[in-house]
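*Asks:* With the sequences and hints as input, model every part of the structure.
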Amino acid sequence: MQAVLLNQLGMMFAPETTLTEAVPTTRALLETLCRRMACYTNFDAFGRLLETEKSGQDNWADWIKKESLRRLFYSVWILDCQYSCFWSGLGIVTIDCLKLPAPFHPTLWEASCQETWKKHQDMPFFKPVPFQTVLFEFYRTQKIENSDPFNTLLLSIGVKYHAEKLNRAPIYLGILQDHAKTLPPSRLSGAVESLSHLLSMFIYSPVQELYAFSGWRVDTTQRAIIHARLRTWIRSKSEARTALIHASNAWSMIRKRKTGAQHETMGFLVATLLIWAWIELGNRPEVDDMDLLVTVRLDEGKDHMKEWINNNEDRRLYLGGVGCLWDKGAGRRLLHESTNTLDGLDWPAAPVVASILREHYKSFHQVATVSPPS
Numbered sequence: 001m002q003a004v005l006l007n008q009l010g011m012m013f014a015p016e017t018t019l020t021e022a023v024p025t026t027r028a029l030l031e032t033l034c035r036r037m038a039c040y041t042n043f044d045a046f047g048r049l050l051e052t053e054k055s056g057q058d059n060w061a062d063w064i065k066k067e068s069l070r071r072l073f074y075s076v077w078i079l080d081c082q083y084s085c086f087w088s089g090l091g092i093v094t095i096d097c098l099k100l101p102a103p104f105h106p107t108l109w110e111a112s113c114q115e116t117w118k119k120h121q122d123m124p125f126f127k128p129v130p131f132q133t134v135l136f137e138f139y140r141t142q143k144i145e146n147s148d149p150f151n152t153l154l155l156s157i158g159v160k161y162h163a164e165k166l167n168r169a170p171i172y173l174g175i176l177q178d179h180a181k182t183l184p185p186s187r188l189s190g191a192v193e194s195l196s197h198l199l200s201m202f203i204y205s206p207v208q209e210l211y212a213f214s215g216w217r218v219d220t221t222q223r224a225i226i227h228a229r230l231r232t233w234i235r236s237k238s239e240a241r242t243a244l245i246h247a248s249n250a251w252s253m254i255r256k257r258k259t260g261a262q263h264e265t266m267g268f269l270v271a272t273l274l275i276w277a278w279i280e281l282g283n284r285p286e287v288d289d290m291d292l293l294v295t296v297r298l299d300e301g302k303d304h305m306k307e308w309i310n311n312n313e314d315r316r317l318y319l320g321g322v323g324c325l326w327d328k329g330a331g332r333r334l335l336h337e338s339t340n341t342l343d344g345l346d347w348p349a350a351p352v353v354a355s356i357l358r359e360h361y362k363s364f365h366q367v368a369t370v371s372p373p374s
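Quick note: the sequence shown uses full-length UniProt numbering, first residue 1, plus one each step.
Calculated from the structure, these hints are not laboratory results.
It is possible that some hints are incorrect.
Stated by the list, open to error - Simulated pairs of lysine to any residue, SDA-like, Cα-Cα distance not exceeding 20 Å:
#1 Lys119 with Glu67
#2 Lys258 with Pro15
#3 Lys181 with Phe150
Said to hold, decoys possible - The following label-pair restraints were derived from C-beta to C-beta distances:
#4 Thr295 with Ala3: 47 to 55 Å
#5 Thr116 with Arg358: 49 to 57 Å
#6 Asp178 with Thr18: 39 to 47 Å
Just so we're clear, the structure is a prediction, and the values are computed from it rather than from any experiment.
Backbone N, C-alpha and C fix where the C-beta goes; we use that ideal spot for every residue, glycine too.
*Replies:* In structure tokens form, the structure reads like this:
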């Protein structure tokens, strides 16, 4: 299963579009392997561990094998969510799969020997619990019981999984984003923080329309239609303002602290496209001196944010590395910072995406010079 997962990962974030486009034909194998893990039968209807699962709980080597397999499954789930976000594909991991035990506490997982593992194994806090139970308990209490970044990541993915049926999804993701800030600094905790903001952005954002906004696989007429639709969304919807806040946070985090996570290339691209759409299509305040307006810092702090999201009053929107979004040249500065960041990411697709983004930006302004004003 690990080989299939790594192959899927390489195809999804490959520099060759032919590999990326072939991903849907290979995802069925991952679904089959997930089902073969017997992920529907680890607990009974009351959340009690089945007898078949209790065997091996006392053997460190056997436990490591089972825990490794569980964590491999959750890695598939994370990748499945990212595929759905970036390419609007259907997920292959169903809610029933969440009956699999949640990953165990890092104290057990990182134990260096059987004696250390045994010492902690019998503590009530380290007993196996279905991940679905952990997720629903978080919904109920709005509290995170441990400081494991992987657990925080899975809770964020779980909230996104339920987002269409969960009115409070943005609130839950906000709690997880605040919690992620308190995690000990590491590559994983940094990746969790940026991905959680991207997930909030994806809840609100029309991703395919953002790709089309940049000119991806659309003609001039289609592009104009998309621009009109996005302009209305950006200028009138609180969801668009909320999406901009999260896009700016994720953009800033990835720009300042690269973690090597696979989501960074495509996540950074979509965040860039959303910010770019705001620069080009947003309703620029008609004032003589923009500096007299209240400043909303999009990438840090919460001062004036809630008021602006709710009331849509004229504000000076500021993003570190870009400046005021309403200033002349903001789009060019955004492109410069974004392509430089992409060129510096670890994944081979990143410089290819940077090159395409440069071409689309150039094409956008060539079209703009010959199009009538809207």
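*Asks:* Evaluate each hint against the coordinates.
*Replies:* Each hint tested on the structure:
With a C-alpha separation of about 17 Å, the suggested pair lysine 119 and glutamate 67 falls inside the 20 Å cut-off, and the hint holds. Using a Cα cut-off of 20 Å, the hinted pair lysine 258 and proline 15 holds, with the two alpha carbons roughly 19 Å apart. Annotation: proposed proximity of lysine 181 to phenylalanine 150 holds, straight-line Cα distance about 14 Å (limit 20 Å). Separated by about 51 Å at the C-beta atoms, threonine 295 and alanine 3 satisfy the suggested range of 47 to 55 Å.
The hint said 49 to 57 Å for the Cβ distance between threonine 116 and arginine 358, and at roughly 52 Å that hint holds. For aspartate 178 and threonine 18, the hinted distance range of 39 to 47 Å is satisfied, since their beta carbons lie about 41 Å from each other.
The earlier numbered hints are all upheld by this structure, with none contradicted.
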